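**Q** Starting from the structure of chain A, add chain B where the hints point.
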Amino acid sequence: MIEVRNLTKVFGNRKVVDDISFRVKKGEILGFLGPNGAGKSTTMRMVTGFIPATSGKAVIGGSDIVSQSLAARKKIGYLPENAPVYPDMTVHGYLSFCAGIRGFAGTEKNRVVTETIDKCFLGEVVHQTINTLSKGFRQRVCFAQSILHDPEYLILDEPTDGLDPNQKHEVRQMIRQMSASKTIILSTHILDEVEALCTRAIIIAGGKIVADDTPAGLKSRSAKHGSVFVQFCETELSAVEACLNEVDGVGTIEVADSELPTLTVRVYPASPEKSVAEKVMAALNRADIAPAALFVEQGRMDEVFRSITIDQV
Amino acid sequence: MRVRESFTNIKVIFGRELAGYFNSAVAYVLLFFFLMVVGFFTFYISRFYEAGQADLRSFFQWFPWIFMILIPAVAMRLWAEERRLGTIELILTFPVAVYEVIFGKFLAAWVFIGIGLVLTFPMVLTTIYLGQPDLGAVFCGYVGSFLLAGGMLSVGCMTSSLSRSQVISFIIAAVLCLVFVLAGFPPVTNVLSDWAPIWLVKLVAGSSFLTHYISMERGVIDIRDIVYYLSVIFFMLFVNALIIQSRKAS
Chain A
2 MIEVRNLTKV FGNRKVVDDI SFRVKKGEIL GFLGPNGAGK STTMRMVTGF IPATSGKAVI
62 GGSDIVSQSL AARKKIGYLP ENAPVYPDMT VHGYLSFCAG IRGFAGTEKN RVVTETIDKC
122 FLGEVVHQTI NTLSKGFRQR VCFAQSILHD PEYLILDEPT DGLDPNQKHE VRQMIRQMSA
182 SKTIILSTHI LDEVEALCTR AIIIAGGKIV ADDTPAGLKS RSAKHGSVFV QFCETELSAV
242 EACLNEVDGV GTIEVADSEL PTLTVRVYPA SPEKSVAEKV MAALNRADIA PAALFVEQGR
302 MDEVFRSITI DQV
Chain B
3 MRVRESFTNI KVIFGRELAG YFNSAVAYVL LFFFLMVVGF FTFYISRFYE AGQADLRSFF
63 QWFPWIFMIL IPAVAMRLWA EERRLGTIEL ILTFPVAVYE VIFGKFLAAW VFIGIGLVLT
123 FPMVLTTIYL GQPDLGAVFC GYVGSFLLAG GMLSVGCMTS SLSRSQVISF IIAAVLCLVF
183 VLAGFPPVTN VLSDWAPIWL VKLVAGSSFL THYISMERGV IDIRDIVYYL SVIFFMLFVN
243 ALIIQSRKAS
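Taken in order, these protein sequences are the chains called A and B. Counting from 2, one number per residue, gives the positions in the first sequence under the numbering used here. Counting from 3, one number per residue, gives the positions in the second sequence under the numbering used here.
Next comes chain B alone, as it looks inside the complex:
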């Protein structure tokens, strides 16, 4: 009974949040920005046509860097706005559990980004038209991108709950995402491996969004990568709940 009620509550919160994105111009601006930037990087920086390869590696490889800006922007309003408007007092005195609100909001933002990913379908069509891409690999790339987005989004949800300022949330989230990506970025790990013990290098690289993204970008779905992203999401949302519980009124 309680499970069904929980599910309904999450659905109601989810519906409001998702509709909220499309009620404001921000959603369209973000989607437009995302699609333009993805196209720009793929065609002008990676030189997709000139490379002459019918795969989407040169497309997927940009996602960690684009998401770093896009996703904090998607997530920043989730809780900061509730604080600013005072509606947090309303929503937390409704007969819903905090985790239901957190999941509802997180899933809405995740689906919103998912819609953005789906809208990149012309890239897939283009590749199919030009050659015979490995569609399995493309699928893996999308799964990886979606998981990466979820991981970054959970960071954004957490920082959004810190204060009533969306700007602060955005900046902290972007910096945290940068750290999480850079920890596995070869130039950084190379510097580290010059002096640090091997276990430390592995630990740092292993905690990175990038390390767990690269194999999926190449077309391999490893259960460990999925577990990694889900753990990050649950951990960040747990911290999110702690923050909300401890500083409701500020």
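Bound-form chain A, shown alone:
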């Protein structure tokens, strides 16, 4: 378990991280979200022991990152922001170096390096120097470094930053495969990633935690959550409104798009807990209006993110 207690960091007279506390258990993938400059990287740097906290502490699997630093750091795999690597080394040389520093030697070291190279699909570039590699490969080389010693705790700062969609998919798959046996924290500002990958998300803004919830839970905070989205073809708005206003439980009806010949409306339930989708469908059937498309909106992560982070700052 990673436990962060009242972590605070002050640079000069600016509080970058302000009294953050959370716990992450084994098997969880915690997404760390926030606008740029919210304190994500600073928090991760304190949790990994790179910079000392002004106050508060981080405990990694029972070892304090400051007082039992080496023991704590042994358990962590860390991918820093921008995936730093030594450009003049070969992929193999770099990973051997990292393995050496993680205490591997001899055949054991070779085994670990070869395994990691396979796991991260680096076989084709293994003897190339890193400065000849594309951004995606560099990112993967640094990622390989972080999982090399099969750490219990994985801390990844923007692991998919700068990758193309295929590479993003690969990295996400790797993370997901490892997640059962590990505790993972990853920061990102790609909201799809949180939905696709994380079991839990923390949003921080201005150095404070402003939301801590599952991705589905966060989405349900959206104003659009539970609303019914209906699209018609060559239908008059007045007819639709007349029909839907009769339905019990319908709140407001909003025209989302009326570019002819399609008409799109969004129907909000009067109380957010009660779904109106079935009633809307039945009413439209009765009035003999055939919708071209109809679905219940789950809410959108980016909207929630925006409303939460802008309100707080």
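Wrong hints could be hidden among the right ones.
Derived DSBU-like pairs: lysine-lysine, alpha-carbon spacing no greater than 30 Å straight-line [claimed, not checked]:
(1) 58/A to 75/A
(2) 250/B to 136/A
(3) 250/B to 75/A
(4) 13/B to 120/A
(5) 250/B to 183/A
Think of the hints as simulated: they come from the structure by calculation, not from any bench. In this text, all values refer to a predicted model and were calculated from it rather than measured experimentally.
**A** For chain B alone, coordinates are given in the frame of chain A:
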């Protein structure tokens, strides 16, 4: 257990750094520059052949001045490069202590310079061919040069940790080395001794790289000189550690 682990960590860091020198063209350029300049000064300025003496004084006497430029150039990348690449964040979150990284880097650079010194062996062979040099004195000269290099290198390591710019590191290191050498340079100490109290002159001269180099250059290894160089090295590397600890992220 921890001692062995420490030793292994230093060895791993050392190996990477030393290989790093030879992976880039810079190492070869520096070694070439060093050997050329040493040869030039010894033969054309000190007139080694014309002097008709089978010793290497005219060779060793140039080292403080050549090292002043060479060694800051060798040391400048050690930490500045880590900062520039961001790999400092990686290396300081690995399960290694800061002092292990510092020693590993310092020793790698020191060995690199040692290789440069070893490559001056044709000078020794030439002298042996021409006459009967006192090989003990030659050995002392090399020990002195190696210690001098270590002292200057520790200054370079320290300045390298200051910023992400290798140029800044180079300039500050070169200036500091110049000050440390000049403090014992006779023209400077003579000016000082005209007006300053004798203890001050001794203090200034005693803190100089040059004062502690000259006797070894002449073939005398004094334990005090060795202690002096080792103290300088430990002090500078200690400051290096303080700088790294206090300004990791900048």
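**Q** Against each hint, give a clear statement of whether it holds in the structure.
**A** Status of each hint after checking the structure:
Simply put, residue 58/A and residue 75/A have alpha-carbon atoms about 17 Å apart, close enough for the 30 Å limit, and the pair holds. A C-alpha spacing of about 25 Å is found between residue 250/B and residue 136/A, which places the hinted pair at or below 30 Å, so the restraint holds. Among the hinted pairs, residue 250/B with residue 75/A is consistent with the structure: their alpha-carbon atoms are about 20 Å apart, no more than 30 Å. For the hint pairing residue 13/B with residue 120/A, the CA-to-CA distance comes to about 28 Å; that is within 30 Å, so the pair holds.
Restraint check for residue 250/B and residue 183/A: the C-alpha separation of about 28 Å stays at or below 30 Å, so the hint holds.
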